Amino acid sequence: MKILLTIIILFTALISSGQTVYNGKLISNKTKKVVKKIEKVNELMSSAVYESGMKPKQWDNFEELKITATNDELIELTNHPNGVVRCYSFWALSHIKKINIFPIVINHLNDSEFINTQFGCIGRQEMVGDFFIQIMTPQYIDLHSDKLNPEEMIELDSLLIYKPNKLSSRYKAIANAKPTKRLYPKLRELVIKENNQSALITLAKYQNEQDIELIINNRNLDYENKESGYFYTYVAMQEFLRPEYLPILETHLRKTLSKTHFSQEWRELYKAIASFKNEKALELLKIPFTDVEHNNIKEYHIDFVFDAILEYQNKLYDDLLWKIWEEENHRTLQSYKYLLSLNPSRAYELTKKELMKDYQIQKSNFIPNLEKVEDSENFYEYLLNIITANDIELSNKIIEEQIRKADVHNLPLYTSKVNQQRIFIKPLFDRLENANNPHIYLDIIITLIEFNDLNINKEILEVRKRNNSLNENWGAKALDELLEENNIK
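At position 69 of the sequence shown the residue is numbered 70 (my numbering), and the sequence of numbers has no breaks.
Hints in this document: simulated from the structure, not taken from any laboratory. Please read all numbers here as calculations on a predicted model, not as lab measurements.
No farther apart than 30 angstroms at their CA atoms in a straight line, the calculated lysine-lysine pairs in the DSSO-like style are these:
no.	residue 1	residue 2
1	K67	K99
2	K418	K478
3	K338	K398
4	K324	K338
5	K56	K148
6	K364	K406
7	K33	K67
8	K418	K354
9	K98	K148
10	K67	K34
11	K354	K406
12	K38	K98
Quick list of simulated restraints, FRET-style, between CB atoms:
no.	residue 1	residue 2	range
13	I97	K33	17 to 27 angstroms
14	E64	V22	21 to 31 angstroms
15	D454	P413	19 to 29 angstroms
16	N150	P186	20 to 30 angstroms
17	E329	Q422	31 to 41 angstroms
18	K406	Y339	21 to 31 angstroms
19	E329	L483	37 to 47 angstroms
20	N379	I123	20 to 30 angstroms
21	E294	N435	42 to 52 angstroms
22	D359	N435	15 to 25 angstroms
23	K99	V409	52 to 62 angstroms
In this text, a Cβ means the ideal position worked out from N, Cα and C, and glycines have one as well.
Start from the sequences and build out the full structure, keeping to the hints where you can.
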């Protein structure tokens with residue numbers, strides 16, 4: 002603790018004064034030419050960008066900087082007036098393991114200049130100081146960069162929390178902070194004086210009654226709309242459950258019912274309600290099923306309710322979970338397996354409805370055998386595996402039906418179950434006759450070729466003559482290559 006306090010005191014003046022003034026006289030003309038190239042592009046880019054994965058010219062400039070600039074020049078360039086130059090210079094320094102660059106990170110905790118970045122397909126803006134910290138954070142950005150050790154990470158987080166700065170990293174440090182007696186007054190100060198929303202959540206973890214009013218009255222002041230800005234309030238309520246919150250949550254919920262748009266903070270609103278796991282919470286969670294004024298917004302309410310009761314699972318919410326599946330068609334593999342464990346017969350009937358067009362639910366006491374079911378992370382495959390383990394004839398019927406109508410995303414699941422079973426040859430050819438999507442007809446033809454049957458191969462060629470879509474665009478070339486690889490002429 003003494004070491005930590007000493008570090009904070011030592012760096013106080015440094016942080017408050019910001020980064021060191023840049024001295025361009027220390028930079029050679031050769032290095033300055035490279036810096037000018039980086040300034041001209043003025044964007045921080047990785048080695049592969051955009052969907053094409055192309056290497057940008059800016060990356061060549063960065064590589065040239067690493068070769069041209071001396072260590073002392075790179076250190077000086079971390080104070081350059083251009084934020085992109087500062088970032089690339091620091092990045093280059095991070096590859097030189099013999100240099101201690103932790104003090105440079107500390108020196109830039111107030112470096113809040115926004116720069117444009119492009120890493121792969123993701124383009125955004127971020128602060129220079131945040132980028133410095135990301136470079137030094139283990140498992141972030143560049144694994145070849147020097148990284149902070151655990152002690153330095155603790156020091157950095159403490160400085161981020163205790164010294165004023167605008168970096169996004171400060172919010173992360175506060176959110177990840179372990180609640181301690183010493184940290185508590187600082188968190189209250191951050192909430193009261195700075196409206197710091199991350200601090201509110203960490204403060205709620207103390208579950209101190211004097212903070213109840215802070216949580217109840219909290220609102221993110223960055224939002225002009227007075228009906229928004231409660232995301233962190235709802236999260237804090239989940240950390241520190243109090244009966245005083247429920248009337249407030251109900252008031253906020255009822256204000257959403259007439260809206261013509263939805264807000265992502267409603268997701269946390271419903272989670273805050275569901276976290277109580279009592280009859281009043283259940284009553285509130287049922288409201289959107291009947292009281293939302295606009296049907297196109299209702300689906301978002303139901304989706305948020307579904308997520309909330311999955312996160313705060315309780316037997317009180319089981320009927321609601323069935324209702325959401327049966328009437329609103331909201332389900333995940335997690336919810337499916339849970340409901341299957343509650344009532345296998347009911348879930349089995351709904352499984353058939355999921356996989357079969359126009360299937361009518363029947364009353365049944367049949368209990369499916371789950372012991373031999375192959376597991377899968379794919380929702381539809383797991384459902385099909387349930388059917389296959391209990392009714393192979395029905396399973397084949399489903400596969401045949403789906404071969405005929407499944408979309409481009411789901412068809413491979415069903416063709417993968419063909420396994421050279423001849424009962425599927427006709428539906429495969431029936432689909433091929435009119436297929437115009439290359440992904441679909443190539444998948445079907447690959448499945449047919451796997452039969453290794455000369456008559457089937459001959460029929461593939463005949464269908465190609467009849468279906469001209471098999472002879473157009475890139476799919477035609479891919480089909481030519483496929484047939485040639487399998488010696489089908």
